[in-house]
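In the order they appear, the protein sequences are chains A and B.
Residue numbers for the first sequence, in the numbering used here: 1 to 501.
Residue numbers for the second sequence, in the numbering used here: 1 to 501.
In short, the hints are calculated from the structure, not lab data.
This structure is a prediction, so every number in the text was calculated from the model and none was measured.
Take these hints with a grain of salt, some might be off.
Same chains, same names: a pair is fine if it fits in one copy or spans any two.
No more than 30 Å apart at the CA atoms, straight line, and that leaves these computed lysine-lysine pairs for BS3-like [claimed, not checked]:
| no. | residue 1 | residue 2 |
| --- | --- | --- |
| 1 | 148 | 180 |
| 2 | 431 | 180 |
| 3 | 148 | 495 |
| 4 | 293 | 38 |
| 5 | 13 | 225 |
| 6 | 199 | 495 |
| 7 | 38 | 431 |
| 8 | 495 | 10 |
| 9 | 495 | 484 |
| 10 | 293 | 495 |
| 11 | 148 | 38 |
2 protein chains.
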Amino acid sequence: MFETAELGQKLDKERYSARVPELRQELVRKQFELRQAKFPVIVVISGDDRPACNELLNVLRSWTDPRYVEVNAFPVPTDEEVERPVFWRYWRCLPARGWIGMFLRGWTMQPIVMRLIGSLDDQEFEHWLDHARRFERSLTADGALLLKFWLHLPEAEFRKRVKASKKAPNKVWRTGKHDKRIYNNYDLARELMERAIRKTSTGPNPWQLVESTDSRYRNLTVAEKILEAVTRRLAQRDLPREEPPPPTIASPAPTEAPVTVLDTVDQSRSLTREQYSTELDQWKSKLFRQAHKAAERDVSTVLVFEGWDAAGKGGIIRRLTQAMDATLYRVVPIGAPTEDELAHHYLWRFWRQLPRAGHVAIFDRSWYGRVLVERVEGFATEAEWSRAYPEINDFEEQLVEHGIVVLKFWLQIDADEQLRRFKEREVTPFKQFKITPDDWRNRDRWNDYELAANDMIARTSTEYARWNLIAANDKRSARVEVIKTVCRALTQATKRASDDE
Amino acid sequence: MFETAELGQKLDKERYSARVPELRQELVRKQFELRQAKFPVIVVISGDDRPACNELLNVLRSWTDPRYVEVNAFPVPTDEEVERPVFWRYWRCLPARGWIGMFLRGWTMQPIVMRLIGSLDDQEFEHWLDHARRFERSLTADGALLLKFWLHLPEAEFRKRVKASKKAPNKVWRTGKHDKRIYNNYDLARELMERAIRKTSTGPNPWQLVESTDSRYRNLTVAEKILEAVTRRLAQRDLPREEPPPPTIASPAPTEAPVTVLDTVDQSRSLTREQYSTELDQWKSKLFRQAHKAAERDVSTVLVFEGWDAAGKGGIIRRLTQAMDATLYRVVPIGAPTEDELAHHYLWRFWRQLPRAGHVAIFDRSWYGRVLVERVEGFATEAEWSRAYPEINDFEEQLVEHGIVVLKFWLQIDADEQLRRFKEREVTPFKQFKITPDDWRNRDRWNDYELAANDMIARTSTEYARWNLIAANDKRSARVEVIKTVCRALTQATKRASDDE
């Protein structure tokens, strides 16, 4: 694979000097156009030639308007990063639409180094690459222009440099710890790098290999490719839309009154006031203890609440939080996205809300809005909401792999019960603010929402993060059921965490 | 001082149970109104009774709609926090307008504990309280409703508890490390606490002492006070405007063509192309080395660029960044604030952009917009921009105290030079995007801007963060001058950091 980047490519000074001033002007002009565009540019500069990566980054930055370029390097993870899934550090610095974000060494170099020193096994290595591929697909599907450059230094060239470096250390090349590791195991490293490049080179997101021996050739090649790609993309009137992946599970055909998985929820269970009071107290005090134990073991939790309007999300969340130390949880109400959120991938706002170690994040509505309200109301295109299913599965898989407890609740009530509650809200003074014209409008589209919820459950109830369908016609039993489920999951996870120690 | 909270206040169960349900409803209803309001509510729960603080926080949270309450506790600072000034951790979790933010133990308990164990001396302790007071004043001046509660446990009560705790540990009260420290030095601790309370109790922001012995009394008292304050505030049609502090330095009387400090800038220096090339290269390579050394010593830098349109900020920033490793700096262009930024104190967006240890943040326009464009164009009221001077001074003081190098540059050109550059921009194809009708409009108000700049320099050129007035009619000498200044400051700071080690 690297053969194409070992041809001894060179560029003479005259041609370089003749082209650079013009190229810089064009880059800055395109950057200005980009400011008005609706997509971000993500440039990954990686490769086996670390010093060349750094130098190239400097050159690219000096050739562009530094005000609209963000450079992200990833040294040793901070403790705030360590407490979240690996890709959190990349998600949190994604550029907004109209900006250029440069990522030094990207998200593919770390697994190579970790595999090399044995802190990942082969399966974990492959798995990481898998996540990287899905991460990239998700970015480009959202409209990002992703450009990945791999700077390759031919082996012979490398050996020359090491020799020179030994004679005049600091002058030529300061070898880093990672470089040494790579070059002490050159054959294995090369194999791993080739594998990583191959596995993360997809149709829309290929790696571009660039020979790094000659700095003029390397600088100009990469800059020209960026200019060309940005120019081409700006010329497209509409964002390219990726074809939606074929649904893995067929949805039931829409009928007047569809039969969905929601109809299977058994609403017969109910609790008397006395039973409720006893059971609730009992589970609340269990939860209080469990949440503390989980916090001590650094077990983090993500709770997701979805369901019909008036299904009782607020009431359940309130009982849950009553049973936890106020410093341990954060409720994240999800409403219409802000400007800043709209300027990023729709999952960005949720990544940013992931809990610290030992904490609980409670999402009152969530990323599932994409495949529920946004789908039904047409705020997201079909291509957008259909690719959301695999993206969400991947997101949740990363949480679970990081050891986060992920629990998703769908609160199910039937249409009659909803009507009863709407009417009650209208006549109860302190509940009036809870009912708006929107609620009535949504109710008119009950069948559409039912189908959307059915699809959502079909496609995102995974073995690692199942949907819990909660019968909520009876508020009391629903509340107890949810707290019980959370409590049991925390107990299990805490036990697992203790066993691991 | 604590005498008023040692009266043995109690509340019987009947009165408590009778009031609580009603109170909760009122709280939730007010919260709903608050969502539409233009101010945040900041509740500090602190005091010598740590377990009571935690319990009260839980109670308050369970009595409110948890979706619009953020609770912030501050355990051991993370490394991302340690790398910034102390108040960064508080700034970054300030609630947006319409929200309630609760702060467990607030920002006054830490200095008490630190003073107690001797890691602050008396002067540093006072200084911290000073910052706290100014922080709070800045929040309330911006419209925040700040409520501070100090839960006090009388000494006799405390001794009883400790005894009980010894007999049945874990059951009654788990004593924390800090509690022990406080109670082992009860008299000193009490004195420090009283001093802290007194020094941070100002007219608009008093501490409210609450006896914590009886949980019913304590819960109800605090909740009622919150309800009352929020209700009162919501009833006010307009936000209360604090009177602007009297200007410490008189501004020159506005005249047709004012004589300002800007007129004192000597524009006579200029460099030939050859001199420029030699000097620039020389200082750029010095800067490259210095920036690396500074990074190694964890010396952080904040550079601020202000000046007339077309004064050459972009060109200078570009030369500066060419001389630094791309991973070491971030350019922060300041434009119109986003929705999210508008929902917070105007300094919030700048606090969030403070650099990590060893990094450089370059602000292309800055917090000084408040006293320049916002003042001149009337985007900020006189009360707002006049209180910005001391707020900014305080902000910068905190940066400098944390060891951050703060350099502020005003790029000065005269009106004729600006006109020449505007015209040049209009006829140079790749510069046309740089000139907009706004630039011409601003130019019409030259005198107003000149006065605003003069006031700004008069009031914010402090001994710890002076303004550097750069003669920029000659672009070449301006560029060299700035790089030289940055380079020298980094050299000094790095030397200081090495000496300290």
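Review point. At most 30 Å between C-alpha atoms: does residue 293 with residue 495 qualify within a copy, between copies, both, or neither?
Key: Result: close within a single copy only, 9 Å intra versus 48 Å inter.
Practice item. Up to 30 Å between alpha-carbons, please classify residue 13 paired with residue 225: within, between, both or neither. Key: within (19 Å within a copy, 75 Å between copies)
Practice item. Go through the copies and call it for residue 38 and residue 431: within, between, both or neither, with a Cα cutoff of 30 Å. Key: between (41 Å within a copy, 23 Å between copies)
Exercise for review: Tell me, please, which holds for residue 495 and residue 484 at an alpha-carbon limit of 30 Å: within, between, both or neither?
Suggested key: Classified as within: same-chain Cα gap 16 Å, cross-chain 60 Å, threshold 30 Å.
Practice item. At 30 Å max between alpha carbons, let me know whether residue 199 reaches residue 495 within a copy, between copies, both or neither. Key: neither (36 Å within a copy, 48 Å between copies)
Exercise for review: Tell me, please, which holds for residue 293 and residue 38 at an alpha-carbon limit of 30 Å: within, between, both or neither?
Suggested key: Neither way: residue 293 and residue 38 sit 46 Å apart in one copy and 40 Å across, limit 30 Å.
Point to revise | Same-copy or cross-copy closeness of residue 431 to residue 180 [CA-CA at most 30 Å] | key: Close neither inside one copy (66 Å) nor across copies (46 Å); limit 30 Å.
Point to revise | Intra- versus inter-subunit Cα pairing at 30 Å for residue 148 with residue 180 | key: For residue 148 and residue 180, the Cα distance is within 30 Å only inside one copy (24 Å; across copies 56 Å).
Point to revise | Intra- versus inter-subunit Cα pairing at 30 Å for residue 495 with residue 10 | key: Result: close neither inside a copy nor across copies, 60 Å intra and 42 Å inter.
**Study point:** 30 Å Cα threshold - placement of residue 495 relative to residue 148
**Key:** neither (42 Å within a copy, 40 Å between copies)
Exercise for review: First find the shortest C-alpha distance between residue 148 and residue 38 inside one copy, then the shortest across copies, and answer within, between, both or neither for a cut-off of 30 Å.
Suggested key: within (20 Å within a copy, 45 Å between copies)
Violated hints for the displayed structure, listed by number in ascending order: 2, 3, 4, 6, 8.
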